[in-house]
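Enquirer: Single-letter residue listing:
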Amino acid sequence: MKQSYSLNVNGTVHKIEADEDMPLLYALRDDLGLNNPHFGCGLAQCGACTVHVDGQPVRSCITPVSSVGDSKVVTLAGLGSPDKPHPLQAAYVEEQVPQCGYCINGWIMTAAAFLRDKKKPTDDEIKSALQGLKCRCGTHMGILRAVKRAATMMG
Amino acid sequence: MTKIEKPANFSRRALLKAGGALVVSIGAPVTFDFAQADDAMSTQTMGAAATSVAIKPALTPDQLSSYIAVNADGTIAAYFGKMDMGHGIAVAIAQMVAEELDAPFSSVKMFMGDTATSVNQGGASGSTGIEDGGKQMRLAAAEARRVLVEMAADKLGVPSDQLTVRDAVVYAKAEPAKKVAYAELVGGRYFNVLLAWNGKIGNPLLAPGKAKPKDPKDYRVVGQPIKREDVAPRVFAQLDFVTDVKVPGMVHGRMIRPPVAGAVPVKIDETSINDIPGAKVVSNQGFLGVVADKEWDAIKAMRQLKVEWSDVKPPFPEKTSAIYDYIRNSPVRKKEVGGKTVGDVEVAFKSAARAIEAEYEWPFQSHASMGPACAVVDVKDDQVTIWTGSQKPHYTRDGVAAILGVAPEKVHAMWIPGPGSYGRNDAGDAAMDAALLSKAVGKPVRLQYMRDQATGWDPKGPASIHRARAAIDASGKVIAYEFMSKGLPRVDVNSNESQPHDTLAGQLTGVALKSGDGFAVPQESYGFDNKYTYWETVPPLLDRGSPLRTSHLRDPVGPQIHFASESFMDEVAAELKLDPIAFRLQYVRDPRDIAVIKAAAEKANWQSRPSPRKDQSGNKVSGRGFAYVQRGPTRVAIVAEVDIDRTTGKIWARKFTVAHDCGQIINPDGLRLAIEGNVVQGVSRTLWEEVKFNAKAVTSVDWMTYPILDITEMPETIEAVLIDHPEIAPSGAGEPSTRPVAAAIANAVFDATGVRIRRVPFSPDNVKSALS
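Protein chains in written order, with our numbering: chain A, 1 to 155; chain B, 1 to 772.
Only chain A is shown next, with the shape it has when bound in the complex (with noise of 0.2 Å):
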């Protein structure tokens, strides 16, 4: 039985139609177009569909769209612009990250949130943090350097 929803989406509403169980991920992308998030796993283990709800990364895969509300959702087109770009888009691109880059949003939306509530995080925090997204083409190394130097340029 779809239901209409009004959905906040980097600082635009949009009406949508859609069943009340169907995952906010199907909204964003079928519904408003977004080529970002990503669908990876449909299960909430791998974090490639990862927005902002109100501030905090979700799953929207796992996220029923009829549970969002009037929350402000944030994608990573949202985050940030050439122009103007988060520290993290910024510090991806210095430091090269990543390979195929299925899994950015993930990586970079968790990292945003946790960033912006903790400064000067160790190692250990970083990896803490960022426990359990996946990345196969393994540029953990390149995510860890470019959360460090975002970090550093968050202060």
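Don't take each hint at face value.
[To be verified] Simulated pairs of lysine to any residue, SDA-like, Cα-Cα distance not exceeding 20 Å:
hint	chain 1	residue 1	chain 2	residue 2
1	A	K127	B	R654
2	A	K148	B	E713
3	A	K15	A	S71
4	A	K148	B	A232
5	B	K531	B	K514
6	A	K127	B	K319
7	A	K118	B	T712
8	A	K127	B	A695
9	B	K319	B	A695
10	B	K246	A	D31
11	A	K148	A	A129
12	B	K692	B	T320
13	A	K84	B	A232
14	B	K650	A	D124
15	A	K72	A	D117
16	B	K650	A	S128
17	B	K179	B	G74
18	A	K148	B	E716
19	A	K127	B	P707
20	A	K127	B	K655
21	A	K118	A	R145
[Claimed, not checked] FRET-style restraints, in silico, Cβ to Cβ:
hint	chain 1	residue 1	chain 2	residue 2	range
22	A	K2	B	T712	39 to 49 Å
23	B	G339	A	K84	56 to 66 Å
24	B	N766	A	P82	41 to 51 Å
25	A	G132	B	G278	28 to 38 Å
26	B	V332	A	G33	33 to 43 Å
Hints were generated in silico from the structure; no laboratory data involved. Positions of the beta carbon are idealized from the N, C-alpha and C atoms, including for glycine.
Based on the hints, put chain B in the right spot on chain A.
Expert: Using the frame of chain A, we list chain B on its own:
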């Protein structure tokens, strides 16, 4: 404009105009279309003397215009029949092209993996992006420079040997005011120059011109650490993956796989999805899929459709570990001697003072790409269009043409970056499945697999056993060495999807099977007096539509073979109470091999002593291990330093020192990052990865049941020593550094604990039981 060009939109005609307009924008026909390729051939024949033409010659491997074009605005288009799957070779190829043309690096635009703009150079394949693909692009660029200088000689009235080129402008050496830019010479027109094509397509394609590439001492661009330009679009979500392709009228597809491998649908209750808008079933023998207008509806239909499956005998052993007995006890399907046989091993063993023998085991592994494969296919009566993440879009075109029964010329395949690759993963199957779905429903279909299908149903890296033995004489000299691999073949399905029998769609719709075969032997230069290395393959467990069918996974069969061979070298060294590196250096013959071994040892500050360590007690122990390999012309030596907690069985592969020699280095930073990724993925495969199954099905279906390395387990340090040989042709770097990782870890574990683990993965449970 980014370095990596892609179609502005997804209509074929628009693509051709976009691609073509780059070179025909001034003073040339704007109605350029592919059909005119034939006309261009006749133009060329009639006006054979012209070195440039307005209409693009046929896209054939013997045409310079198939690789290089100079645009009216001075930019240079490089049409590459391979792709950059994430290692940054787009930058490296552009560097090689810019170098040979003496053009600014920033002026080179790469077009990759599009059957409408590039010839089949083999796609991403076996670390040959630079080794084979770059070689051809270098030759083509050098020839383009030669032709341009000849044209400039005519135009300037100066002999070509008195001309020089800087930043895409040809100057008279003696009179720099006499000059002409490439763009003025040929911009807006196509080269009309034939190359000496060797008649091959794919990796071995070679089509040199008359020009000789530059002397490396003159390089200005090659060897520089230039960054990728496709990173920023990825982090700002401005780059579409194949999963993001949307075309008008597109519907969404999902496939349904059987609960017992080999079962086929016998009854499908299509009314069970009647309540889902637009949902349709597509079935043909074992092939079963659904489509719906919305993606979520397709997923619901996939889950909701009631299907009765045929009753088949479960095809697999009840337990995953039983695969090794299956391999041991199975009849040999094919045997081949590999490497160089020296002397007579049997005779030498009879005279030996002692013999050392060991057996190693390696499990099935999955590509487990970051996202399940996706393809969009639009089958129309007169034209088929494919958007694919496959490593081999030219072969995807051929496979889709074959399964649909249409001419390959009517099929256009475009590579769009996919969610990870590492070999023949599920991408090739997705394109074929999507083609059948699109044909059935008469609309463009976007198909993405689900996670359980990506990990559970991709072609697997083969499981294998490896047996090695060495004969030692009374003085402690190794007088004979024998090594055997026995396993599932490296390719039940070929490493590309050009034939329907090599795809699930083909096998499930009854195309007769034609399984590939083969394995390999270690690549090294141990100069033992008697040496014999060979491989054997065994029949597959299920001969069609199998979730355990094998194909290429990063460094196909390399990690398993060299896990065994380089573990065994350590076992022999330990038996002889020799330092593992000193032992190897007694026998390694190739000077470049010796150099990488020494470079790794020196950088890692290797202290000479036999393994295992004798100075540790308690539950937390550390060790160091070494391994060295060749992979084609590339050599890698690696030192692993690991920490082990004996109570948990947990291994931390803490530090790697990698010495890497792939001949001439095109881009040192790109190479360093490729090595890091290879090592981390190698650690993951060594410590965690094993495709599990029961009698009925693969049970490794997600990241819980197919765990990979977590960031909390990543190495602390990966240090690379890059050995540059500008005078030696560049060879592959996309895979070789994956190859020695497992053995180096195994040898470090032995050094730390005195226990030799001969079966991968070294998961905590496995290590704990090995140590107890």
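Enquirer: With reference to the structure, classify each hint as holding or not holding.
Expert: Hint by hint, here is what the structure shows:
1. A:K127 <-> B:R654: holds (14 Å)
2. A:K148 <-> B:E713: holds (17 Å)
3. A:K15 <-> A:S71: Holds: A:K15 and A:S71 sit about 14 Å apart, inside 20 Å.
4. A:K148 <-> B:A232: Judged against 20 Å, a Cα distance of about 18 Å means the pair holds.
5. B:K531 <-> B:K514: Outside the cut-off at roughly 33 Å; violated.
6. A:K127 <-> B:K319: violated (35 Å)
7. A:K118 <-> B:T712: holds (18 Å)
8. A:K127 <-> B:A695: violated (38 Å)
9. B:K319 <-> B:A695: Status holds; Cα separation ~7 Å.
10. B:K246 <-> A:D31: The hint holds at about 12 Å.
11. A:K148 <-> A:A129: holds (13 Å)
12. B:K692 <-> B:T320: holds (5 Å)
13. A:K84 <-> B:A232: Holds: A:K84 and B:A232 sit about 12 Å apart, inside 20 Å.
14. B:K650 <-> A:D124: Between B:K650 and A:D124 the Cα gap is close to 17 Å, so the pair holds against 20 Å.
15. A:K72 <-> A:D117: holds (18 Å)
16. B:K650 <-> A:S128: Roughly 17 Å between the alpha carbons, so the hint for B:K650 and A:S128 holds.
17. B:K179 <-> B:G74: holds (15 Å)
18. A:K148 <-> B:E716: holds (14 Å)
19. A:K127 <-> B:P707: Holds, at roughly 17 Å.
20. A:K127 <-> B:K655: holds (17 Å)
21. A:K118 <-> A:R145: Status holds; Cα separation ~17 Å.
22. A:K2 <-> B:T712: 39 to 49 Å: holds (42 Å)
23. B:G339 <-> A:K84: 56 to 66 Å: For A:K84 against B:G339, whose Cβ atoms are near 58 Å apart, the range 56 to 66 Å holds.
24. B:N766 <-> A:P82: 41 to 51 Å: At roughly 47 Å between Cβ atoms, A:P82 and B:N766 fall inside 41 to 51 Å, so the hint holds.
25. A:G132 <-> B:G278: 28 to 38 Å: holds (36 Å)
26. B:V332 <-> A:G33: 33 to 43 Å: violated (55 Å)
Checked against the numbered hints listed earlier, the structure breaks hints 5, 6, 8, 26; every other hint is satisfied.
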